[in-house]
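Enquirer: The chain contents come next:
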Amino acid sequence: MPGLHRTKDIPKNISSFYSAFTQELASAFQSKQVQQPLMANPDPEMSGGGEQKAAQGENTEAGKSAVHTCQQKAKAWLLLLLSYISGDMEVFAEWMKKQFFLLQLLDWVLRGAAQVMFVNNPLSGLVIFAGLILQNRWWALNGFVGTLFATISALILQQSRGAIAAGLYGYNGILVGLLMAVFSNAGDWYWWLLLPNIVMSMTCPIVSSALASINSRWDLPVFTLPFNILVCLHMVATGHYNHHFPQVLIQPRTELANITWAEVNVAKLFTAVPVGIGQVYGCDNPWTGGIFMVALFISSPITCAHATIGSAVGMVSGLALAAPFEAIYFGLWGYNCVLACIAIGGMFYALTWQVHLLAITCAFFCAYLGSAIANVMSTFGLPACTWPFCLSALTFLLFTTETNTIFKLPLANVAYPERNLRFFWKLRKKEKLEREEKERDEEKWREKEQELLGNDKEVLRMERMDGKGKGDGMEGKEINKMMIQEEEMMEVALGEVSSMAENV
Amino acid sequence: MPGLHRTKDIPKNISSFYSAFTQELASAFQSKQVQQPLMANPDPEMSGGGEQKAAQGENTEAGKSAVHTCQQKAKAWLLLLLSYISGDMEVFAEWMKKQFFLLQLLDWVLRGAAQVMFVNNPLSGLVIFAGLILQNRWWALNGFVGTLFATISALILQQSRGAIAAGLYGYNGILVGLLMAVFSNAGDWYWWLLLPNIVMSMTCPIVSSALASINSRWDLPVFTLPFNILVCLHMVATGHYNHHFPQVLIQPRTELANITWAEVNVAKLFTAVPVGIGQVYGCDNPWTGGIFMVALFISSPITCAHATIGSAVGMVSGLALAAPFEAIYFGLWGYNCVLACIAIGGMFYALTWQVHLLAITCAFFCAYLGSAIANVMSTFGLPACTWPFCLSALTFLLFTTETNTIFKLPLANVAYPERNLRFFWKLRKKEKLEREEKERDEEKWREKEQELLGNDKEVLRMERMDGKGKGDGMEGKEINKMMIQEEEMMEVALGEVSSMAENV
Amino acid sequence: MPGLHRTKDIPKNISSFYSAFTQELASAFQSKQVQQPLMANPDPEMSGGGEQKAAQGENTEAGKSAVHTCQQKAKAWLLLLLSYISGDMEVFAEWMKKQFFLLQLLDWVLRGAAQVMFVNNPLSGLVIFAGLILQNRWWALNGFVGTLFATISALILQQSRGAIAAGLYGYNGILVGLLMAVFSNAGDWYWWLLLPNIVMSMTCPIVSSALASINSRWDLPVFTLPFNILVCLHMVATGHYNHHFPQVLIQPRTELANITWAEVNVAKLFTAVPVGIGQVYGCDNPWTGGIFMVALFISSPITCAHATIGSAVGMVSGLALAAPFEAIYFGLWGYNCVLACIAIGGMFYALTWQVHLLAITCAFFCAYLGSAIANVMSTFGLPACTWPFCLSALTFLLFTTETNTIFKLPLANVAYPERNLRFFWKLRKKEKLEREEKERDEEKWREKEQELLGNDKEVLRMERMDGKGKGDGMEGKEINKMMIQEEEMMEVALGEVSSMAENV
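Protein chains in written order, with the working numbering: chain C, 715 to 1218; chain P, 715 to 1218; chain R, 715 to 1218.
For reference, chain C alone in the conformation it holds in the complex (with noise of 0.2 Å):
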């Protein structure tokens, strides 16, 4: 869900890492020699950074030796293998462009649905969809049915064709499906609820590119916004007293909750936190909840390890608070936390380990928001929906500080974590190249100056300061540069990965 303005050109220079063992595998390939690739598996937590220092790690030695052992090749194997299907599948991407319009279609729904929590990646989305069906299949539908509408809106309303690409219209079209259908008070299988789902779910890109009419004047995205606005606009234009379509009653709290420490069910704390996690999507089922963690593993790893702290801290809020059970047990302390602790810790921010402490305090704070905002929005007999996380995150991703530790990514080069960390150290590394360039400079100035002491001072010393302020001009576009070689090393990489394709 990283903000509309994401357009398809950025993501193509995507983990440039392919490129450091395509020779080897090359080489592996055509002596047929890959015996055991499921065994070998190596630790999946590499698949993000780890993959990368792997390959390099492996590239300098094959640069020393020729000597490829059998292991070797079957990790170099699954290597690419994770690299197809993890981040945000850019490949697939690339490969989807040239298929069947209503093939691509699918691919924007899968992504569109697992957008929601920032993933890009249309297996994440099928596993989501998985979840969703193993909850309740018609929650499956209306959420099917508003992703699909949301995306044939944009197309029709001629939005970016990035975005839509990437599923960026589409996550607010699941949310609004699902969770009109969760809190109808009609029933499952209410048909005419459809009508209303296509309606607002079609409205989604409206209201999606207005907001980022205004966010973007801060560099911000939207988040589920649009979500929030439409499904509280459908339910509080019909309301628990209607004749076509009913929701479910809400009511503020009016009496002391009844607390007994005593009562308090641990394992069923344990599962609230899986339940948290489902309950972004409105789902209670802890198994669809686990599912979804899954689908953020095969993205992501620091995705899903953030979700799940977020979820843990969102408990321990509740408790904090003094919530009553059942809510916390049912995951509504969780879900808000788990998208804004996502959201802070790695996807808009740089992962440092002060913006990992920042998206644990991220997470506490939209708990606290969220007992506030459903204390409210119970008057107008509203569920909090998402209004807690997009308040929480926006604050944040607003909050400015003087460290450069806590590094915000431009809105346009946000992907996933792993790769905005690898940005993220490309631009510190170019940093510090260009000041080591420059003191270098400036050393052998001051050594010449004072070889050539006595005739032509006044000459070098003009010349010198030109010197400088070239420097300094490089700094100020070394964002736009870095960016631009970024993508033609990606080309270069991209085409060597397809010639030895070629070649096994």
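Be a bit skeptical, because a hint or two may be false.
If chains are identical, the list can't say which one is meant, so a pair holds when it fits in one copy or spans any two.
What the hints assert, rightly or not - Quick list of in silico lysine to any residue cross-link-like pairs, SDA-like style, CA-CA up to 20 Å: (1) K982 to Q813; (2) K812 to E1165; (3) K1122 to I928; (4) K1122 to I870; (5) K1152 to T1115; (6) K1143 to F1121; (7) K1152 to L908; (8) K1122 to Q872; (9) K1122 to W932; (10) K982 to N999; (11) K982 to F1044; (12) K1144 to A900; (13) K1122 to R931; (14) K1122 to S930; (15) K1140 to E1150; (16) K811 to L1135; (17) K1144 to D1155; (18) K1152 to L947; (19) K1158 to P1124; (20) K1146 to R1136; (21) K1143 to E804.
It should be emphasised that the hints constitute simulated quantities derived from the structure, not laboratory data.
Model the placement of chains P and R on the given structure of chain C, informed by the hints.
Expert: For chains P and R alone, coordinates are given in the frame of chain C:
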């Protein structure tokens, strides 16, 4: 009501074609040959773009032959009359500038009354006041006081003279005055009410100016937001249980409305359309609504059509969402949609059929939003006011798309739908001409290149690139240039017409 | 509390009038003739602008004659003393920079306590804490803890050092701490309350920074918005029916208040004025309110005057809107108006009589808004906090007008009313001088032209145009230039004062 930044210099270049046949007319009147002005009445639909074409047609004709039939003169006479009273009555406004201050103030107040419906026309304002008096004389008085003091306050606070003269500081005043009277529980002719009425309407320009500071960042108008804020402020600050200024009691719905479809009164549903238009000013009399439609028609038929469509859409939405029939008959579902449909359908967007569809979509969205906001506001004992219109229209104005058939006018160029449309057409024509010219230039260069193939080809290519560069540069500045050129064209046209008139 | 963007380098250019009497003082101290410093106390009203005039007057005198009477020396000695403790105590702040960290922190905390009233003065802060202790020691403790942790949190989060040192991160903390204690239903000395108190006050800098990112786009301060958000958050998240942190029960009015005008207590109405000032910090003790007035007077008499006017306006508004007398006596109608009147009356606008009227208008608007917001918030069991002040002051700061007597200071130049006024005067003087200079240049050129009439007129005209161009260019940069020059003057002045001090 188009934005506060339409300053006086912009509307100046209005329908300069009016002057096109004034001298001609002068002679026509002198020769006393005007015989059947009312019978030869041209379709009023032509009052917008039609007139101009007619005028242009005559103009070219006049250049060719000096033979003028009696009918043509009558037609011209009528067109002149129409041109004086339709649109924004610019000629009248110019004439007013030299009059007594109190007369000017009356003009501004009348324009302010009409600006509620985006109409900058004192005659429409007069008709609207007639409608208000038909409804309730006490309300009409309050409305007048509100408009008057809002305008005076704007003068005291030294706001833009152009905006004041266009009634842009009055329309919130009339609504504040009217609705404070409508929602007062103290009964009619409770003279103390004029006190908060004056205070609140004098606060209007401050709130308007403050909101304009924010909205202008997105080139958005403030709509009726100041009215909404101030009336809600007054109502909730005093409330139903107040000794001085009690408000009518508004409470949230707490049980199922009794809706029997057999009881629906189709005739009443149809009268709900004019009543919906009347409810923009808080009036439930269908005749008042009808009078308002006439007022709209005088200034701009497109506005009138969209008002009717909007009201109908609101009525249908009410039925779809199972609203109590009384609320629908009472026009409560219509008035917001009326305003939203006018605003989107030709006022702030140039009217194309895509925009027309967008306006209808916006009206539906507005109806939905209206129901939602009414339910939320009733919790605080407040009516929905025109919040739904403001929010939905702002959303649809913030919406961006990649198609060029949905063209949002720069706020400074917003006038009335017919003129906006002409502005849009000219812009398109200009763009087309420039594109063709560029293509022709390219063609020429290509030919020349082939001729000179041998010797000095290199030199020529450089020249050509310079030519291209200039062509590209033009695109960026096209709007400004267009406006300047439009003015120039206008002056030339005026010169020709007047010389022609002398010939006659 | 003036905005978060006032960095440390700006307040440096303090009271350049110091230099005005340094030489005079030097001699006064050398001759050891200072005898009656306290008796010759000049009217404290002069501490603001008065001093300067006096100083300037003496300065010119001093230039003429070397005869210094004993009285003059005493006066100068007192002015120096006043200059040290009034305003923003810049000299003290400079001296503090070299002190022990904990002492600095205490300075920041005291300034933070005073910044609630826009006063950047540790002495005022100390007096305010005295007032709080008089009211309730538990509240005072909570306030201190809030300020302390908000400041520490800002340090941890690496916010601008200048803003922290001015107490701009503390004032929300003290309000959060105080009001959480005031609205807690758990009674005084419920030590667990310090936990959410610390959490919430540590969140203050995050919310402040986020809001500043938005408000800075319109060059607006964040006021007490972070406090409003966080206290409402805490209160509504826990609510009246909470086991850990119960809040006092606040319910909407549902019946006519029993108001008998005969029962009005005029004496109590008068005490409502200081009580209103005390209610800014949640205190209902009139003596505490009186102490706060003293604290304001120390730093800025203009601020003190506007606080009193604001409180009186609020009281009158309460009577006009038929509020229950108890609420008026309790100061609930006053505190928002106090803050709004201070903010508009000289703090963010340069004080002219138009601005003074605007401040009173704003106070009335604020009272109205206060009643409205209190009614709305009571639906959620919340108090109005200082939302009315924030919203009304922001509205009046966003308001634009074409008159030049209402001058909004750039946020970076906001200090205290007296200094703001001096800034405004200098700006005006500068503008006038430049205008005159330009006119004189024009005159010269005209004369020269007439002299050289014949031969080289054409050349001269070109030169003249160049001259003009430069003159125009200057106008654009005048503010920046002025600031730089003021800084230079300041450094010279400070240098003189310190050298003089060494002589003593």
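Enquirer: Now tell me, hint by hint, if it's right for this structure.
Expert: These are the hints, each one checked on the structure:
1. K982 to Q813: Result: close neither inside a copy nor across copies, 46 Å intra and 55 Å inter.
2. K812 to E1165: neither (64 Å within a copy, 43 Å between copies)
3. K1122 to I928: both (19 Å within a copy, 16 Å between copies)
4. K1122 to I870: Answer is between; shortest inter-copy Cα gap is 18 Å, intra-copy 33 Å.
5. K1152 to T1115: For K1152 and T1115, the Cα distance exceeds 20 Å both inside one copy (27 Å) and across copies (45 Å).
6. K1143 to F1121: Result: close within a single copy only, 14 Å intra versus 45 Å inter.
7. K1152 to L908: neither (63 Å within a copy, 51 Å between copies)
8. K1122 to Q872: Close across copies (15 Å), not inside one copy (30 Å); limit 20 Å.
9. K1122 to W932: Only inside one copy: K1122 and W932 sit 12 Å apart there, 23 Å across copies, limit 20 Å.
10. K982 to N999: within (12 Å within a copy, 50 Å between copies)
11. K982 to F1044: Within one copy only: 9 Å inside, 49 Å across.
12. K1144 to A900: Classified as neither; 59 Å inside a copy, 56 Å across copies.
13. K1122 to R931: For K1122 and R931, the Cα distance is within 20 Å both inside one copy (15 Å) and across copies (19 Å).
14. K1122 to S930: both (14 Å within a copy, 19 Å between copies)
15. K1140 to E1150: Result: close within a single copy only, 15 Å intra versus 47 Å inter.
16. K811 to L1135: Cα proximity of K811 and L1135: none, with 28 Å in one copy and 39 Å across.
17. K1144 to D1155: within (16 Å within a copy, 46 Å between copies)
18. K1152 to L947: neither (57 Å within a copy, 50 Å between copies)
19. K1158 to P1124: Answer is neither: 36 Å inside a copy and 45 Å across each miss the 20 Å cutoff.
20. K1146 to R1136: within (15 Å within a copy, 47 Å between copies)
21. K1143 to E804: Neither, since 25 Å and 42 Å both go past 20 Å.
Violated hints for the displayed structure, listed by number in ascending order: 1, 2, 5, 7, 12, 16, 18, 19, 21.
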